[in-house]
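K.L.:
The residues making up each chain are set out below.
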Amino acid sequence: MTDIPLLEVEKLRKSFGRQIACRDVTFELWPGEVLGIVGESGSGKSTLLNCLASRLPVDAGAIRYRLAGGDSVDLVAASEAQKRHLMRTEWGFVQQHARDGLRMDFSAGANIGERLMALGGRHYGDLRQAALDWMTAVEMPPDRVDDLPRVFSGGMQQRLQIARNLVTRPRIVLMDEPTGGLDVSVQARLLDLIRRLVQDYHLAVIIVTHDLGVARLLADRLMVMRHGEVVETGLTDQLLDDPQHAYTQLLVSSVLGV
Amino acid sequence: MDMIRVENLAKSFTLHLRGGVSLPVLRDVFLSVAAGECVTLHGPSGVGKSTLLRSIYGNYRPQDGRILIRHDGTMTDIVDAEPRIVMAIRRCTLGYVSQFLRVIPRVATLDVVAEPLLARGIGAAAARARAGELLARLQIPERMWSLPPATFSGGEQQRINIARGFAAEYPVLLLDEPTASLDEQNRKIVINLINDSRARGAAIVAIVHDSETRAAIATRLFTMQSLGVAA
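Listed in order, the protein sequences are those of chains A and B.
Reminder that position 115 of the first sequence reads as 116 in the numbering used here, one-by-one numbering, no gaps.
Reminder that position 170 of the second sequence reads as 358 in the numbering used here, one-by-one numbering, no gaps.
In short, the hints are calculated from the structure, not lab data.
Treat the hints with care, since some could be wrong.
Examples of chain A residues toward chain B, derived with CB under 8 Å [what the hints assert, rightly or not]:
hint, residue
1, T90
2, A189
3, L192
4, D193
5, D221
6, R222
7, G235
8, L236
9, D238
10, Q250
Derived list of chain B stretches under chain A, where covered just means 3 residues or more per stretch with a C-beta under 8 Å from a C-beta of chain A [to be verified]:
hint, stretch
11, 243 to 255
12, 292 to 301
13, 364 to 377
Restraint ranges, calculated between C-beta atoms of paired labels, are given here [said to hold, decoys possible]:
hint, chain 1, residue 1, chain 2, residue 2, range
14, A, R129, B, R308, 17 to 25 Å
15, A, R170, B, P232, 53 to 61 Å
16, B, K376, A, S255, 37 to 45 Å
17, B, A387, A, G155, 51 to 59 Å
18, B, C280, A, R129, 41 to 49 Å
19, B, P293, A, S255, 20 to 28 Å
20, A, Q20, B, L211, 33 to 41 Å
21, B, D190, A, D184, 46 to 54 Å
22, A, G126, B, G311, 28 to 36 Å
23, A, L251, B, A314, 29 to 37 Å
24, B, S369, A, K12, 46 to 54 Å
25, A, Q20, B, A317, 28 to 36 Å
26, A, D242, B, A387, 27 to 35 Å
Don't be surprised by glycine CBs; every beta carbon is placed ideally from N, CA and C.
With the hints as extra help, turn the sequences into a complete structure.
P.N.:
This is the structure:
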């Protein structure tokens with residue numbers, strides 16, 4: 002870990018009409034750190050993630066990101082072109098539903114190659130090799146590189162989505178309920194894969210989940226959101242073993258065996 | 189040289205779901221532990237031994253007082269350290285061994301034990317070799333090393349957890365009932381591990397209920413009194 006945060010979010014605010022989805026959210030993310038955002042549906046956690054990823058315009062606040070080159074850029078003020086470039090190079094976004102994050106009418110290999118092509122990758126052999134390598138890295142059989150995503154299982158689609166994001170070696174990956182809706186055994190395998198990828202590629206991750214078991218397994222640190230506000234933050238084990246806020250206590254007491 | 193210094197520690201639990209009732213557990217706790225010492229916490233059940241141990245680990249968040257841990261040459265207060273500093277302290281300095289293994293799905297026993305070493309940046313081969321040494325010492329048969337421990341017996345999981353806790357040779361070790369539910373032979377092995385750690389200079393705080401183990405490892409007792417009881 003270096004001594005400079007990768008991301009500094011300051012007083013981020015986002016409303017939908019009179020509904021406040023994020024109220025003055027402030028936090029830092031350090032290189033290689035996994036930050037979990039927990040809270041029930043409607044707490045604003047997915048909105049926060051979408052604001053960070055420049056998928057939603059924010060009303061106020063700053064999202065300062067330290068570029069690979071060392072300079073800092075405020076994504077709230079950055080140009081669309083710069084944001085778009087960052088989102089497909091140094092950032093990744095894994096959606097809950099793989100069909101939202103994949104091109105369902107492109108082969109697995111084309112899905113993986115898309116970001117590289119957007120960056121100017123044209124050599125067919127290189128793109129194909131990258132696809133095969135990344136299929137292997139996410140534990141997919143490389144001989145299915147030409148298959149369409151729809152013929153894959155839910156767990157495989159999710160792994161393909163991860164491969165598609167990691168191919169440009171992003172420094173920060175946002176994940177929105179990546180294991181939601183999967184069978185428990187498939188979920189365990191995916192969690193294990195994510196853990197390994199985080200370690201191997203020194204990824205900083207912000208993961209939104211309502212599953213405290215997933216949070217316990219993956220996150221170094223947690224942020225609890227309720228009604229658009231961060232009500233408590235701390236190391237994952239502190240928050241789950243010694244919750245201070247009434248709402249965190251309710252969350253923790255509502256699940257079995259985390 | 190003090191490795192742990194607990195000063196004026198107070199910890200209570202506020203139960204918001206029970207009408208905000210507050211349960212005071214620790215008050216005015218002072219405890220120093222030097223390198224090469226093994227202090228065992230003593231007192232009746234419910235007196236706050238585990239609460240103290242978990243507070244030292246930074247797992248519980250006290251309301252008052254300081255808990256200084258010698259990390260990287262300086263005494264650092266784990267109570268108000270930033271999360272990433274607490275993580276660094278745990279990675280390099282502070283180990284915690286309970287009797288319960290938190291099983292990670294699909295991760296092989298050998299890797300469970302090697303993980304704290306890998307997190308420190310030690311190479312995979314060296315980390316696995318060290319993990320294997322500990323597993324062998326704790327009599328986990330080699331044919332089990334490649335399997336995830338989820339289906340192992342309670343005693344086996346406990347020994348794997350101990351192997352994991354001792355593999356990294358932390359300068360400060362916190363042990364919560366490390367020998368509970370182990371058979372005689374394995375208890376002796378763990379006692380030897382604890383004493384070896386102390387001999388290499390570790391500062392150890394332990395909760396042990398069985399008096400034989402306590403006698404075998406303790407260099408000092410720390411007696412705790414219930415807050416409800418007049419001292």
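K.L.:
Indicate, hint by hint, whether the structure satisfies it.
P.N.:
Tested hints:
Among the interface hints, the one on A/T90 is violated; its C-beta lies about 26 Å from the nearest C-beta in chain B, farther than the 8 Å criterion. Interface restraint check for A/A189: the shortest CB-CB distance to chain B comes to about 4 Å, inside 8 Å, so the restraint holds. At its closest, the beta carbon of A/L192 sits 7 Å from a beta carbon of chain B; the interface hint therefore holds under the 8 Å criterion. Because the beta carbon of A/D193 sits about 4 Å from the nearest beta carbon in chain B, less than 8 Å, this interface hint is met.
Taking 8 Å as the C-beta contact cut-off toward chain B, the hint placing A/D221 at the interface holds, the least distance being around 6 Å. Hint status for A/R222: holds, given a least beta-carbon distance of 5 Å to chain B, under 8 Å. Checking A/G235 against chain B by beta carbon gives a least distance of about 7 Å; that is within 8 Å, so the hint holds. Checking A/L236 against chain B by beta carbon gives a least distance of about 5 Å; that is within 8 Å, so the hint holds.
The interface hint given for A/D238 holds, since its Cβ lies 5 Å from the closest Cβ of chain B, which is under the 8 Å cut-off. Checking A/Q250 against chain B: minimum C-beta separation of about 5 Å stays under 8 Å; hint holds. Coverage of the stretch 243 to 255 of chain B by chain A holds [criterion: at least 3 residues with CB-CB distance below 8 Å; count 4]. Look at the stretch 292 to 301 of chain B against chain A: 4 of its residues bring a Cβ nearer than 8 Å to a Cβ of that chain, three or more, so the hint holds.
Remark: the stretch 364 to 377 of chain B is not confirmed as covered by chain A, as 0 of its residues place a Cβ nearer than 8 Å to a Cβ of that chain, below the required three. In this structure, A/R129 and B/R308 break the distance hint of 17 to 25 Å, their C-beta atoms being roughly 38 Å apart. Roughly 56 Å separates the CB atoms of A/R170 and B/P232, a value that falls within the hinted 53 to 61 Å. The hinted range of 37 to 45 Å is satisfied by B/K376 and A/S255, whose Cβ atoms lie roughly 43 Å apart.
One distance hint, 51 to 59 Å for the beta-carbon pair B/A387 and A/G155, holds here, with the actual separation near 53 Å. In this structure the supplied range 41 to 49 Å holds for B/C280 paired with A/R129, their Cβ-Cβ distance being about 43 Å. A hinted range of 20 to 28 Å for the beta carbons of B/P293 and A/S255 is consistent with their spacing of about 22 Å. As the Cβ distance of A/Q20 to B/L211 is approximately 38 Å, the hint placing it in 33 to 41 Å holds.
Between B/D190 and A/D184 the CB atoms are about 51 Å apart, so this pair conforms to the stated range of 46 to 54 Å. For A/G126 paired with B/G311, a C-beta distance near 33 Å keeps the hint of 28 to 36 Å intact. The hinted window of 29 to 37 Å between A/L251 and B/A314 is violated, with their beta carbons roughly 45 Å apart. Judged by the Cβ atoms, the range 46 to 54 Å given for B/S369 and A/K12 holds: they are separated by roughly 51 Å.
A hinted range of 28 to 36 Å for the beta carbons of A/Q20 and B/A317 is inconsistent with their spacing of about 57 Å. For the hinted restraint 27 to 35 Å between A/D242 and B/A387, the CB-CB distance of approximately 32 Å keeps it satisfied.
When held up to the earlier numbered hints, the structure conflicts with 1, 13, 14, 23, 25 and fits the remainder.
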